[in-house]
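Q: Fit chain S to the given chain R structure using the hints.
There are 2 protein chains.
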Amino acid sequence: MSSNLSSASHATIDQSGMDALIKATATDMEAVNALILSRAESHVEMVPQIARYLIEAGGKRLRPMLTLISARMFSDETGHQINYAAAVEFMHNATLLHDDVVDESEMRRGKPAARKIWGNQASVLVGDFLLGQAFMMMVETGDLPALRTLSSAAAIIAEGEVFQLSKATDLSTSDKDYLQIINAKTATLFEAATKVGAMAGQASSAQQQALATYGRELGLAFQIVDDVLDYGGANGALGKNTGDDLREGKMTLPIILALAKADKNETALIKSALGDTKADQKTFNDVLNVITKYDALEISIERALKYAQNARDALTELPPSKTRTILADIADYCVARVS
Amino acid sequence: MSSNLSSASHATIDQSGMDALIKATATDMEAVNALILSRAESHVEMVPQIARYLIEAGGKRLRPMLTLISARMFSDETGHQINYAAAVEFMHNATLLHDDVVDESEMRRGKPAARKIWGNQASVLVGDFLLGQAFMMMVETGDLPALRTLSSAAAIIAEGEVFQLSKATDLSTSDKDYLQIINAKTATLFEAATKVGAMAGQASSAQQQALATYGRELGLAFQIVDDVLDYGGANGALGKNTGDDLREGKMTLPIILALAKADKNETALIKSALGDTKADQKTFNDVLNVITKYDALEISIERALKYAQNARDALTELPPSKTRTILADIADYCVARVS
Numbered sequence: 090m091s092s093n094l095s096s097a098s099h100a101t102i103d104q105s106g107m108d109a110l111i112k113a114t115a116t117d118m119e120a121v122n123a124l125i126l127s128r129a130e131s132h133v134e135m136v137p138q139i140a141r142y143l144i145e146a147g148g149k150r151l152r153p154m155l156t157l158i159s160a161r162m163f164s165d166e167t168g169h170q171i172n173y174a175a176a177v178e179f180m181h182n183a184t185l186l187h188d189d190v191v192d193e194s195e196m197r198r199g200k201p202a203a204r205k206i207w208g209n210q211a212s213v214l215v216g217d218f219l220l221g222q223a224f225m226m227m228v229e230t231g232d233l234p235a236l237r238t239l240s241s242a243a244a245i246i247a248e249g250e251v252f253q254l255s256k257a258t259d260l261s262t263s264d265k266d267y268l269q270i271i272n273a274k275t276a277t278l279f280e281a282a283t284k285v286g287a288m289a290g291q292a293s294s295a296q297q298q299a300l301a302t303y304g305r306e307l308g309l310a311f312q313i314v315d316d317v318l319d320y321g322g323a324n325g326a327l328g329k330n331t332g333d334d335l336r337e338g339k340m341t342l343p344i345i346l347a348l349a350k351a352d353k354n355e356t357a358l359i360k361s362a363l364g365d366t367k368a369d370q371k372t373f374n375d376v377l378n379v380i381t382k383y384d385a386l387e388i389s390i391e392r393a394l395k396y397a398q399n400a401r402d403a404l405t406e407l408p409p410s411k412t413r414t415i416l417a418d419i420a421d422y423c424v425a426r427v428s
Numbered sequence: 090m091s092s093n094l095s096s097a098s099h100a101t102i103d104q105s106g107m108d109a110l111i112k113a114t115a116t117d118m119e120a121v122n123a124l125i126l127s128r129a130e131s132h133v134e135m136v137p138q139i140a141r142y143l144i145e146a147g148g149k150r151l152r153p154m155l156t157l158i159s160a161r162m163f164s165d166e167t168g169h170q171i172n173y174a175a176a177v178e179f180m181h182n183a184t185l186l187h188d189d190v191v192d193e194s195e196m197r198r199g200k201p202a203a204r205k206i207w208g209n210q211a212s213v214l215v216g217d218f219l220l221g222q223a224f225m226m227m228v229e230t231g232d233l234p235a236l237r238t239l240s241s242a243a244a245i246i247a248e249g250e251v252f253q254l255s256k257a258t259d260l261s262t263s264d265k266d267y268l269q270i271i272n273a274k275t276a277t278l279f280e281a282a283t284k285v286g287a288m289a290g291q292a293s294s295a296q297q298q299a300l301a302t303y304g305r306e307l308g309l310a311f312q313i314v315d316d317v318l319d320y321g322g323a324n325g326a327l328g329k330n331t332g333d334d335l336r337e338g339k340m341t342l343p344i345i346l347a348l349a350k351a352d353k354n355e356t357a358l359i360k361s362a363l364g365d366t367k368a369d370q371k372t373f374n375d376v377l378n379v380i381t382k383y384d385a386l387e388i389s390i391e392r393a394l395k396y397a398q399n400a401r402d403a404l405t406e407l408p409p410s411k412t413r414t415i416l417a418d419i420a421d422y423c424v425a426r427v428s
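Protein chains in written order, with my numbering: chain R, 90 to 428; chain S, 90 to 428.
Bound conformation, chain R alone (with noise of 0.2 Å):
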């Protein structure tokens, strides 16, 4: 197990793949970039403001950058591929603004939330109206089967959503319960992103559907990851969002993993922690030692590998590239983000 911790760690490897994909895709993130904040323009200046800052506060913007490499590694591009991106990044964001709302929280990339500056009410209206933008930019594609792909995501991501909700500080969740959310929350979007830019470069079907399987694996090993970070990640360093899944009582693997081997003191201990948002650093660390004592976030990790592998196996089905290297190196950066 650590030696696969270790190679995944390594930095090296991490960053270059990451830095490949972002000099891959410039020159299309200058059109998306700008069609983004074209698109966030309004007559009302709340939409801007909150649309800006929350698209400026620097998220990496993998998701459109899939897109767009994934059009890329065809040789026919219809161009769709920039309006895709925009659109996957439009839903990501507002997702965002909702998700914030939903989940109560202070704190976004470093930043306050945009709720908390301009107020619940315009971060859910405001996420509407980004929804709303992203499927005019897919409309004027004119391509149908995208809009299926696009537009069935955001159905599916919504419902993932409820379900997690649902399942909050349910002792009940399954390791099963579990990879449903995160499939419908966080991988339906990456899948949507390769799949679309597939189409967008007029791949054959068997290339799409190789690009999609690449996504959603790809998008399952980083939701594990991220919910492996929230615990500190494989060093326990804590960041500034630690504890924030533990005090909105999500049930993530690293706490299903360590409830199945919880005894009865330790099991009382999480469920009195999850969902407490007044749980303080000791009850944190408490809970940490459970989940570390029982190697939780270890396996956790093995199992975003797992994943990763079977997103660089994916890739199999497409011809050798530059650019199929650089979503395979991507595939290792999702998963040693966590080292």
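Please note that the accuracy of each hint is not assured.
[Stated by the list, open to error] If the Cβ cut is set under 7 Å, some of the chain R residues that face chain S in the computed set are:
{"id": "1", "residue": "SER131"}
{"id": "2", "residue": "GLN210"}
{"id": "3", "residue": "VAL213"}
{"id": "4", "residue": "VAL228"}
{"id": "5", "residue": "LEU233"}
{"id": "6", "residue": "SER240"}
{"id": "7", "residue": "ALA247"}
{"id": "8", "residue": "GLU248"}
Just so you know, the hints here were simulated from the structure itself, not pulled from any lab data.
Bear in mind that the values here come from a model prediction, so they are computed numbers and not experimental data.
We put the beta carbon where it would ideally sit given N, CA and C, even for glycine.
A: Positioned in the frame of chain R, the structure of chain S alone reads:
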């Protein structure tokens, strides 16, 4: 002015138009209702619970009926109107769920608002789910002009709601601002509802435009009447939601018209009451006295009657038919609600 009012308040004219609309669309509405229920399904229990609670609460379903009757006007229906009608109703219900969160509403359609039972969080997310499902139903028809109409409506509605929010308790809100708000938040969906109905009927471009104009003007009349009803309507009859707009600080036409004529003390009174969530019955009555002193409800109703007349005028572009008569009567009905 009073003669206009009494003609609009004639109870027989009123209900017969609505009854005729219900009868004319009954068969199609069965298909729409079945589609609505099937698309509100989910393996996540809370989704159909909330969706059905809202959908079955007994709204008039005016918007989907308008879509169906607009398609019915033409002999060459594609069948798409069923999907559009269900999508329009889902968009409307998504807006209601989010509005209740934004307005912190206690009640909706005479029952506790969904957010009071399942919480704000679930209301936000199930609204998102309904929006996603609405887009899926539209995409299934494969009709791009209709998709453009409905997706652009989604963005404009949200933008209008943000504008309304940004103007809350703002005494400088103008008549023009108000018109812009209700145009975006209400008339846009009415316009989209009738326009996509005409598209499903394979109407000519001029006919589509006539029905779009009808829908927009009807929507304006409808919203003004809603805003008058919030101050008790023409008779000052107090219903269960009366005063909500005042407590929420909404700058609706009755308030704007009253402020334009109010003296210093009256302005101060309105200012202190607007947005005061704890405003009592006496405060409301005092504000209502200012509103009635300056005939603000009657002038508002006159304005609604003008829009209803515009709606009827737009119909003259269409050949006379039983269907056209129903639409004309519905314009009367929407204003007659106020009496």
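Q: Now look at each hint and say whether the structure bears it out.
A: Hints and how they fare:
About 6 Å separates the beta-carbon of SER131 of chain R from the nearest beta-carbon of chain S, less than 7 Å, and the hint is met. Hint status for GLN210 of chain R: holds, given a least beta-carbon distance of 4 Å to chain S, under 7 Å. For VAL213 of chain R, the interface hint holds, the least distance from its beta-carbon to any beta-carbon of chain S being 5 Å, beneath 7 Å. For VAL228 of chain R, the shortest C-beta to C-beta distance to chain S is roughly 5 Å, which falls under 7 Å, so the interface hint holds.
For LEU233 of chain R, the shortest C-beta to C-beta distance to chain S is roughly 5 Å, which falls under 7 Å, so the interface hint holds. The restraint placing SER240 of chain R at the interface with chain S holds, with a minimum CB-CB distance near 4 Å, inside the 7 Å limit. Given the 7 Å rule on beta carbons, the hint for ALA247 of chain R holds: about 4 Å separates it from the nearest Cβ of chain S. Because the beta carbon of GLU248 of chain R sits about 5 Å from the nearest beta carbon in chain S, less than 7 Å, this interface hint is met.
Comparing the model with each numbered hint stated earlier shows that all of them hold.
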